[in-house]
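The lines below spell out each chain.
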Amino acid sequence: MRLLEQERSALQVPLPSPATVTEDAQRAARRTLRTQIAGLERQLAEAFVTAYAMGGLEHPIGYSEQPRLLDLGELEQVRDDLAERLRAARLRIAERADEHAANRLCLERMLLEPGKYRFVRISREDLGEPGCGAWQVRPRMGLIGMLMGWWQVKISSGCPLPRGRGLPRP
Amino acid sequence: MTEDVDLAAAVGFVEPRLSAEFPGLRLGWISAPAPRRASPRAVVNRLKDLSSRYRGGSVVAMRTQPIPSAYRTFFRQIGLDPDVSRIPIEQAAVLRLLHGQFRSSNLIDDALLLGLIETGVPIWALDADRVDPGGPGIRTSLSGDRLGTTELGDHLEPGRLVVADANCVHALLFDDVAPGHGVSSTTERIVLFSVGVDGVPSIHIEEALWVCIEALGGA
Chain V
1 MRLLEQERSA
11 LQVPLPSPAT
21 VTEDAQRAAR
31 RTLRTQIAGL
41 ERQLAEAFVT
51 AYAMGGLEHP
61 IGYSEQPRLL
71 DLGELEQVRD
81 DLAERLRAAR
91 LRIAERADEH
101 AANRLCLERM
111 LLEPGKYRFV
121 RISREDLGEP
131 GCGAWQVRPR
141 MGLIGMLMGW
151 WQVKISSGCP
161 LPRGRGLPRP
Chain X
1 MTEDVDLAAA
11 VGFVEPRLSA
21 EFPGLRLGWI
31 SAPAPRRASP
41 RAVVNRLKDL
51 SSRYRGGSVV
61 AMRTQPIPSA
71 YRTFFRQIGL
81 DPDVSRIPIE
91 QAAVLRLLHG
101 QFRSSNLIDD
111 ALLLGLIETG
121 VPIWALDADR
131 VDPGGPGIRT
141 SLSGDRLGTT
151 ELGDHLEPGR
161 LVVADANCVH
171 ALLFDDVAPG
181 HGVSSTTERI
191 VLFSVGVDGV
201 PSIHIEEALW
211 VCIEALGGA
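As they're listed, the protein sequences go chains V and X.
By this note's numbering, the letter at position 60 of the first sequence is numbered 60, and the numbering carries on one by one without gaps.
By this note's numbering, the letter at position 137 of the second sequence is numbered 137, and the numbering carries on one by one without gaps.
Calculated directly from the structure, the hints in this document are not laboratory data.
In this text, a Cβ means the ideal position worked out from N, Cα and C, and glycines have one as well.
A couple of the hints might just be wrong.
As the list claims (entries may be wrong) - To give an idea of the chain X side of the interface with chain V (calculated C-beta under 8 Å), a few residues:
#	residue
1	GLU21
2	PRO66
3	SER69
4	GLN77
5	GLY79
6	LEU80
7	ASP81
8	THR140
9	GLY159
10	LEU161
11	LEU173
12	PHE174
13	ASP176
What the hints assert, rightly or not - Output of the computed footprint for chain V on chain X, the stretches with three or more beta carbons under 8 Å from beta carbons of chain V:
#	region
14	95 to 101
15	206 to 213
Chain X with its partners taken away, still in its complex shape:
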C-alpha cells in the first residue's frame, strides 16, 4: 500500500491573518488509497493493548501533559470550552473509560484512533474526490460559505475557523467532517489531515499521520 502513498506529508495553507494570530497553527495532510477490508487482527490487538494505558488516574492527569494541554489552551483561545467540547484525545480517553476499552469499528476509524492515542494529535479523513489537488488548509469562513458541498451542510457564519480547500469548506476546525465529505463505501482514495497548534511539535503531526498510514497498510 505504501507505494501508492506520497511519502512526505504536505503542509496545508493557513490564512495569513490566522498565522499572525496563532504562529503555531498548522495543518499537515497526506493522501492514501482507501482500504477495502475490515481491521486486521494486528490493529484490533494494538487497540486492545493501548486500552491498558488509559486508567482513570491517567485520564484525570492527562490535561497537565504538554500536548493535551496545548490543545486545551488553543480551544480556549478560539472560543471553545474544552470541558464542554472535549479535545479529541480526552474524548477518546473518556470513551475508553465508558466502554472499558478502545472499540474497533472499521479500519479507517481504527487507524485514526491509533494515530490519536499514540501521539495525542487528532487526525481526520476526507474523501479525496472531494478535495482540491492543492490540499486542505485552515482559514476563516466568509459570508455565504457552507459546510461541505451538499445541501445537508449548514451555512456558516463569517469568521468561523474552518478546514477548507480552494473549492469548499470540509469541516469546522476540530469538528466532524461535513456530510458527504467523509469516507464512504465508494471512496477510492482518502486525504488524511491533522491540525497542530502552538506547543505541539511538528514531528508529532507527521508521526500521527504515519501511525495512521501504517495501520491502514495492515501493520
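For reference, chain V alone in the conformation it holds in the complex:
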C-alpha cells in the first residue's frame, strides 16, 4: 500500500516538456561556449604580450559589426576563429623563439671564432632583446687586419642619444 502511494506521487511530478529541455540545453551550450571564448581570449591576450617583444602578431583582418545576441553556430564560429588565431600566435612565437636561439648560438660561435664569420652582424632584436645595439665581426686595424686575418667581434655603442643633432649652425 505504501509503495503504491509512492508510485502515484512520483507520477504526479510534472516532467519538463521537450521544448524546455531543448531550450535549457541550448542555453547551457551557449554558456559553455562563452566560457571557452573567455578562456581563449585570455590566452590570446597573453600570447599577444609575449609576441609583442618578438615583433608582434599580425593584425587580424575584420570588419565592424553591431552588438547582438549570438546563436550557437555564431558562438562556435567565434570560438573556432579564436582557437585558430591562438594557434597561429603560438606558432609565430615558437618560430621567433627558434630564430632567437639560432642567432644566439651563432653569436657564441662568432665570439669563439670570429674569422669564420666575417662581417656577420647580429642585432639585439635578432636575439629578442630590447634596446639598440649589435655585434659585428670586423677586421682589427682595418685593411691590415683583413689581410692578416685579424678578426674581432665589435659591440656597437647602443641606442642614439635622445638629444638629436642639435641646432644647425648659422
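Fit chain X to the known structure of chain V by using the hints.
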C-alpha cells in the same frame, strides 16, 4: 553642484533574456546638471598627470588586466572583435599614445575620460530631456526600432543590443550616442550611464560615475 545630484546611482533595467544569457551585464546611471563652463585647470592637470600612467608597454599589457580583459571577452561574446572595434579603455589609451597625452576638449568629455581612465569602465552622457524618467537600460532591438528619435538615426535590425528607455533607443551598446541625444549647448541636465559586464565589480561602475560627477563639479 552635488546638491542637484541624486547621490545614489540607479540601476537600469536589463531585458530578462539578456540577463539570463549574461548574468553580469548591468547598467548604472545617474542624473546631474549640465555644466556650462570650460574644463577647470584641476581637471586639465589631472588628465596630464594620468597621461604619464600610459606608456607603450603598459598599453600592450592592458588586455591581460582584469577589467579590460572582461570587456574584451564580452565584446567577443556579442559578435564584436575588440581588435577591430576597440574597447573604450584601449581606444583611449591608443589615442593617448598617438597624441602624446590625454587631450582636454570640454568639461563633459574630460569628465567621461577621467572616469574611464581611472576605472577602466566606460561612461556615456545623454541629454536628460531625451531620456524617460525611468532611466535607460539594456535590451535587444525590435523590428522597426530606430537609433534615436531624429531622422538622422538609422533603422536597426532586430536583435541588436541597445541602450534604450521606455520611449526610444539611445545608442547601440558600446557605441556612440544617437544623433541629437548627446549633450549640446542647450542641455540643462545630463544622464550619465555606464555598462558593466561579467568580471567588472559593481563598485567600479559606481566609482566611474562618481569620478565623472566629481570632475563635473569642478574637482
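Against the structure, the hints come out as follows:
no., hint, result
1, GLU21, "6 Å, holds"
2, PRO66, "10 Å, violated"
3, SER69, "6 Å, holds"
4, GLN77, "5 Å, holds"
5, GLY79, "5 Å, holds"
6, LEU80, "6 Å, holds"
7, ASP81, "4 Å, holds"
8, THR140, "6 Å, holds"
9, GLY159, "5 Å, holds"
10, LEU161, "4 Å, holds"
11, LEU173, "4 Å, holds"
12, PHE174, "6 Å, holds"
13, ASP176, "12 Å, violated"
14, 95 to 101, "violated (count 0)"
15, 206 to 213, "violated (count 0)"
Hint compliance for this structure: hints 2, 13, 14, 15 are not met, and every other hint is.
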